[in-house]
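Participant: Below, each chain spelled out in residue letters.
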Amino acid sequence: MSAQTFSMPLGPVHVALEEPVYFHLDVDGETIRHVSLTSGHVHRGMEAMATQRNLIQNTTLTERVCSLCSNSHSFTYSMAVENVLGIEIPVRARYLRVLAEEIKRVASHLFNTAIQAHVIGFKSLFMHVMEVREMMQDVKETVYGNRMNLASNCIGGVKCDVSPELLTYIRQQVEKMRPAVAEIRDIYATNSMVLGRTKGIGLLPHDDAVRLGVVGPVARGSGIAHDVRKDSPYAAYMDMDFNVPVYDGCCIHSRTMVRLDEVMESFGIIEQCCTRMPDGPVTAPMRQIHVAEACARSEAPRGEVFYYIRTNGTDMPERLKWRVPSYMNWEALGVMMRDCAVADVALITNSIDPCVSCTER
Amino acid sequence: MEEQHILHGDAELMNGLSALCAAPGVKLGDASKPEPAQVAAEHHSVDSFGNAYHWYRLVEPGALVPAAQLLKEKGARLCMISPYNVRHMGEMQPEVCYHFELGGVVYNLTAVLDPKRPAVPSITPVFANADWHEREMMELFKISVEQHPNPRRLFLDEKLDAGILNQAVPLSVMMNGACTTDLWERILAGKGDKA
Chain A
1 MSAQTFSMPL GPVHVALEEP VYFHLDVDGE TIRHVSLTSG HVHRGMEAMA TQRNLIQNTT
61 LTERVCSLCS NSHSFTYSMA VENVLGIEIP VRARYLRVLA EEIKRVASHL FNTAIQAHVI
121 GFKSLFMHVM EVREMMQDVK ETVYGNRMNL ASNCIGGVKC DVSPELLTYI RQQVEKMRPA
181 VAEIRDIYAT NSMVLGRTKG IGLLPHDDAV RLGVVGPVAR GSGIAHDVRK DSPYAAYMDM
241 DFNVPVYDGC CIHSRTMVRL DEVMESFGII EQCCTRMPDG PVTAPMRQIH VAEACARSEA
301 PRGEVFYYIR TNGTDMPERL KWRVPSYMNW EALGVMMRDC AVADVALITN SIDPCVSCTE
361 R
Chain B
1 MEEQHILHGD AELMNGLSAL CAAPGVKLGD ASKPEPAQVA AEHHSVDSFG NAYHWYRLVE
61 PGALVPAAQL LKEKGARLCM ISPYNVRHMG EMQPEVCYHF ELGGVVYNLT AVLDPKRPAV
121 PSITPVFANA DWHEREMMEL FKISVEQHPN PRRLFLDEKL DAGILNQAVP LSVMMNGACT
181 TDLWERILAG KGDKA
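Protein chains in written order, with the numbering used here: chain A, 1 to 361; chain B, 1 to 195.
Hint data in this document are derived by calculation from the structure and do not stem from the laboratory.
There's no promise every hint is true.
As the list claims (entries may be wrong) - Quick list of simulated restraints, FRET-style, between CB atoms:
id, chain 1, residue 1, chain 2, residue 2, range
1, B, G75, A, E141, 40 to 46 Å
2, A, E30, B, S18, 53 to 59 Å
3, A, R33, B, D157, 22 to 28 Å
As the list claims (entries may be wrong) - Partial list, derived from the structure: chain B residues whose beta carbon lies under 7 Å from chain A:
id, residue
4, R77
5, L78
6, Y84
7, N129
In this text, all values refer to a predicted model and were calculated from it rather than measured experimentally.
Even glycine gets a Cβ: it sits at the ideal position worked out from N, Cα and C.
Please build the complete structure, drawing on both the sequences and the hints.
Facilitator: Structure, rendered in structure tokens:
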């Protein structure tokens with residue numbers, strides 16, 4: 001085969017995730033020399049839609065930006081509104097918000113990890129991880145009534161309290177999942193087939209990670225100890241004991257290990273929420289809307305989510321803007337895929353846990 | 001007595017950013033309009049969890065580049081860029097708010113743009129991750145980003161004019177035409193453009 005460089009379109013439906021995005025790969029033999037991407041196929045104009053809905057309706061809208069991190073959007077949006085109106089939410093609501101967020105984080109990270117096994121071709125591992133994840137899906141369905149959009153957050157707190165019986169059930173599920181995830185973690189850490197496809201591949205050196213401003217497990221897999229839950233604690237995170245896993249391998253494997261370690265940390269946070277949560281109200285009253293601006297940020301499963309809101313004295317925001325973690329991480333693919341093999345493209349893409357729905361809004 | 005908050009942040013950085021704002025006490029915006037059309041050049045806020053947010057309104061868009069360089073030297077990270085119009089319909093006043101983070105503290109810089117020719121200098125040469133934000137701002141808000149190293153379309157097809165939806169009247173404005181002046185302001189502004 002000649003070593004002549006040629007362009008190879010890949011997409012719009014990518015092999016690792018069923019969302020539309022085009023990649024243009026300049027290939028030299030089987031080696032990628034340059035990557036660019038074209039997106040915009042599912043741009044829904046959600047930020048414009050937000051300015052035509054009132055503050056309460058936008059809680060529902062923002063929860064639909066993305067499915068896997070849906071809770072992070074309504075959570076951060078609610079915080080932005082609370083900041084702009086000067087609402088302080090009750091302590092129990094702070095704990096309930098953290099509880100829902102960490103439940104979603106566990107499910108999101110396990111999904112990404114399972115897809116990695118699927119792309120590698122390790123079907124039994126894929127099925128096993130998805131089966132373990134199903135326990136957290138059961139928790140979501142039992143506690144919140146839905147498997148994806150929990151509809152838990154509202155402006156001023158949370159919509160529904162969680163009963164002591166359900167808190168006990170959550171702890172029991174976590175107890176069942178903990179050894180199963182520890183076993184999964186061991187497989188990803190030691191299995192030669194997994195390591196052969198992930199270790200030292202898809203490199204994002206620390207300096208490039210800083211330059212591109214990447215966030216979440218992509219940053220923490222390149223040695224950047226950045227986590228909004230620790231850097232600017234919000235909700236009840238200041239009361240939680242947890243570590244921020246950081247790896248400096250800068251490769252797919254490092255990012256996977258960050259996610260799996262974070263699942264274990266999330267179990268600890270969920271248990272702390274269940275045991276330490278004080279009694280009390282779960283919502284604070286709405287306040288008068290003035291002309292003001294505010295922002296809020298949180299650590300979603302994929303990294304920092306940032307919301308900015310401007311109010312103009314009416315119940316509809318003058319401007320609502322948000323930035324999702326994937327938005328910052330796509331450009332890193334250009335660095336990760338440089339000089340890699342075409343066969344690794346799907347795995348590298350999956351390692352940033354990308355979300356087109358989030359990115360394009 | 002009003003509650004006292006400890007103001008977190010990098011003092012040197014805050015002084016440097018203050019120097020790029022209008023003088024303290026000076027209000028930016030249209031002086032002929034009552035408050036809140038005028039806004040303080042600098043203010044600071046704290047959320048209910050004690051996280052600090054600093055807000056600066058730059059004296060002119062050109063101050064963005066020295067401000068970005070100062071933030072870069074300090075090791076700050078660009079989080080987001082938010083373009084918006086303060087007043088819609090007839091009178092468009094575009095502004096852009098740049099959000100940076102350093103040590104868990106958020107620094108917001110607002111540039112007030114010329115409504116006739118909205119433009120900002122690119123900060124992508126300083127913060128590489130401004131690339132997508134600036135390209136999105138160009139195509140969706142028709143804000144010209146000068147010296148951008150890669151001014152390609154991000155989401156919209158190349159064949160579409162920038163800010164094309166601003167030329168149309170949204171359904172919500174049409175539906176509220178009987179009880180607000182927005183619809184007529186919109187129509188009159190459109191006629192003004194053609195004249």
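Participant: Hint by hint, note whether the structure agrees.
Facilitator: Comparing the hints with the structure gives:
1. G75/B with E141/A: 40 to 46 Å: Since the Cβ atoms of G75/B and E141/A sit about 44 Å apart, the hinted range of 40 to 46 Å holds.
2. E30/A with S18/B: 53 to 59 Å: 55 Å Cβ-Cβ, so the 53 to 59 Å window holds.
3. R33/A with D157/B: 22 to 28 Å: holds (27 Å)
4. R77: holds (5 Å)
5. L78: holds (6 Å)
6. Y84: holds (4 Å)
7. N129: Hint holds; N129/B Cβ to chain A Cβ min 4 Å, cut 7 Å.
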